[in-house]
Amino acid sequence: MAVTSGKAARPGFKETNRVIVPGQSYGEIDDRVLTPVLVGVEKTPLWWWIGFGISGALLVMYLVSIVKLITTGIGIFGNNIPVAWGMPIVNFVWWIGIGHAGTLISAALLLFRQPWRTTVNRFAEAMTIFAVVCAGLYPILHLGRPWVFYWLVPYPNTFGLFPQFRSPLDWDLFAIGTYFTISLVFWFIGLIPDLATLRDNAPTKFQRLLYGVLSLGWTGSTRAWQRYQRAYLLLAALSFPLVLSVHSTIAMDFAVAQLPGWNNTIMPPYFVAGAVFAGFAMVLILAVPLRKALKLEHLITMRHLDNSAKLMLATGMIVVYGYFIEIFIAWYSGVEAERYMIWNRMFGDHALFFWALILCNFVAIQPLWFRRVRQSPWVLFFISIIVSIGMWLERFVIFIVSLTKDFLLSSWGDYVSTFWDWSLFIGSLGLFGTLFFLFIRLLPTIATAETKETAFHDREHGSDAFEKIRMDYYHAEETA
Amino acid sequence: MSSVALGRKAEPLYALVAQFDSVEAIRQAAERTRQAGYTRTDAYTPFPVEGLDEDLGLRPTNLGWVVLVVGLLAGLGGFFMQWWAATSYYPINVGGRPLNSWPNWIIIMYEITILSAGLTAGIGMILRNGLPRPYNSIFNTPGFEQASRDKFFLAIEATDPRFDLDQTRAFLEALGPERVSEVEP
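Those protein sequences? They're chains A and B, same order as listed. All the letters of the first sequence, read from the start, carry residue numbers 14 to 493 under my numbering. All the letters of the second sequence, read from the start, carry residue numbers 17 to 201 under my numbering.
What the hints contain is simulated information worked out from the structure, not anything from laboratory work. Cβ coordinates follow ideal geometry from the N, Cα and C atoms, glycine included. Hints are not guaranteed to be accurate.
As the list claims (entries may be wrong) - What follows is a set of in silico ranges between Cβ atoms, one per label pair, in the way DEER data are often shown:
| # | chain 1 | residue 1 | chain 2 | residue 2 | range |
| --- | --- | --- | --- | --- | --- |
| 1 | B | 37 | A | 388 | 34 to 40 angstroms |
| 2 | B | 190 | A | 306 | 45 to 51 angstroms |
| 3 | A | 278 | B | 93 | 52 to 58 angstroms |
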């Protein structure tokens with residue numbers, strides 16, 4: 014392959030609502046996606062270095078915070094009694110929620126045969142894995158003695174102990190461990206044919222070796238494709254329930270407690286909707302700059318942005334329904350502590366957080382009812398950032414504000430976050446950013462093999478092809 | 017001269033490989049190859065081509081059954097691990113509640129099922145495809161780097177009982193390929 018111009022979008026390129034811009038050859042798809050990966054180090058664009066540099070600096074802050082945490086202990090956080098679960102848990106749930114959109118795109122939309130998933134699934138899955146990495150580290154760091162986290166895993170040991178399987182903390186370990194492993198396997202299986210394409214097109218010996226080893230010697234043989242497709246379908250079917258189960262399990266960490274504001278049967282579905290909502294916000298935050306920067310407008314079209322925005326609106330409205338039900342049930346339960354919890358949320362010390370969250374998660378998404386808004390990439394980008402902030406606030410309000418004032422006046426307290434709470438959180442954004450920038454530089458951001466298949470189907474069975482068949486039939490009938 | 021008369025089968029050869037330009041061409045070629053009675057054949061394509069496995073006469077994979085069995089066994093194993101730990105190995109009396117508190121174990125049982133079945137599907141696919149495999153004779157085919165890009169290849173291996181270099185070559189040439197290559201092992 015000639016690794017030539019990175020100019021993918023033609024001059025005078027017109028946005029389309031189709032899944033991919035029609036009329037692209039298989040080679041063109043490869044060139045668009047693989048050129049930014051295969052160019053030499055000296056041709057790495059400036060925006061990449063800037064983004065990678067900032068993320069790397071934040072990652073250093075993250076590592077410094079972890080060293081401080083391990084050497085000093087979790088006393089450096091604002092957690093205390095009564096707020097024993099502070100910002101680390103808020104951040105943990107925020108990160109794990111973000112991952113869910115990637116799994117929804119890769120698994121659920123595959124099973125529902127949505128052709129638009131093809132060009133967005135790769136980077137959405139990468140987003141899932143990196144978000145789960147950021148999330149999974151939080152409970153471990155929060156343990157107090159992070160170096161013995163493996164005690165949660167059942168294994169024969171000399172203590173004669175076993176984990177407590179009735180504990181939601183242990184459920185978390187299994188839910189997150191499974192989610193991470195299966196997402197990684199799913200992602201890697203999807204990458205194998207593309208790694209083979211990179212191997213075959215690599216201009217330097219080092220790249221050929223790197224991608225050659227990673228692609229495991231994939232040939233594209235029909236026997237291999239047959240098993241590959243079956244394995245891919247099975248993994249999709251197995252991951253689909255994970256979209257619903259992982260955040261349900263995390264919701265049960267709260268729902269099984271008796272604390273007003275946590276002890277709610279609506280928590281699992283409400284958390285799942287919130288996770289997909291936050292996840293699609295992150296998909297849009299990544300997709301809008303990515304398609305511009307890597308000139309992928311031919312493959313990530315308006316259709317993808319529009320559909321993601323629709324899903325964001327739908328799940329957002331489910332979350333808003335959750336807010337109303339929480340308020341209704343607090344009143345309907347007749348329990349004084351429950352009623353006070355809602356009053357405290359809306360008018361107490363942290364009322365500002367509650368109203369900011371309503372503004373971010375309810376008011377800010379209403380423009381998405383309009384097609385014009387859904388088709389304006391940078392407006393979507395802006396709304397998505399607001400939604401991400403809103404979802405962080407939601408977790409803050411549910412976890413921390415509920416904990417500050419529970420049943421007994423004597424045990425009420427307040428929560429003040431510390432410098433290290435924030436440095437660890439902002440640092441985790443750096444971890445995510447570093448991984449994501451490395452991903453878009455070293456691996457194809459779009460699944461080229463699947464996209465070629467889509468291009469083939471689009472040509473053979475798309476609306477143009479159908480129109481041609483119809484006209485042929487019509488003429489044949491006329492002459493007969 | 018005698019080797020020519022015998023059909024030039026003595027030379028070490030891996031396969032005869034024909035290169036095609038489109039999905040339609042490779043599907044047609046695969047079907048005619050199957051009809052001609054060749055069995056040790058394979059097609060190499062840049063993306064999965066629907067129906068090509070049937071054109072070549074491949075049997076469907078049994079990976080799904082393997083995954084089902086492993087998933088069910090792992091799920092049962094996960095359940096009884098918790099049952100054994102909670103009732104006999106490390107019983108904890110929580111306010112006199114029953115030790116066999118099985119509803120609490122459903123989540124971990126379910127996660128173990130998904131984990132084992134998913135790993136079986138992924139790793140099983142890789143191993144059953146003979147991967148990782150650093151050297152493969154098919155890579156000696158001229159222009160094979162395009163098999164992952166936009167060309168389609170059909171190989172008839174020399175071990176095929178009906179393989180005869182001249183006849184098979186003539187047969188492949190008749191299918192209208194872009195080129196036919198002799199590939200060494």
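Each hint tested on the structure:
Judged by the Cβ atoms, the range 34 to 40 angstroms given for residue 37 of chain B and residue 388 of chain A holds: they are separated by roughly 37 angstroms. Distance hint check for residue 190 of chain B and residue 306 of chain A: the Cβ-Cβ separation is about 49 angstroms, which falls inside the suggested range of 45 to 51 angstroms. Hint check: residue 278 of chain A to residue 93 of chain B, Cβ distance near 31 angstroms, so the stated range 52 to 58 angstroms is violated.
In summary, the one numbered hint that this structure violates is 3.
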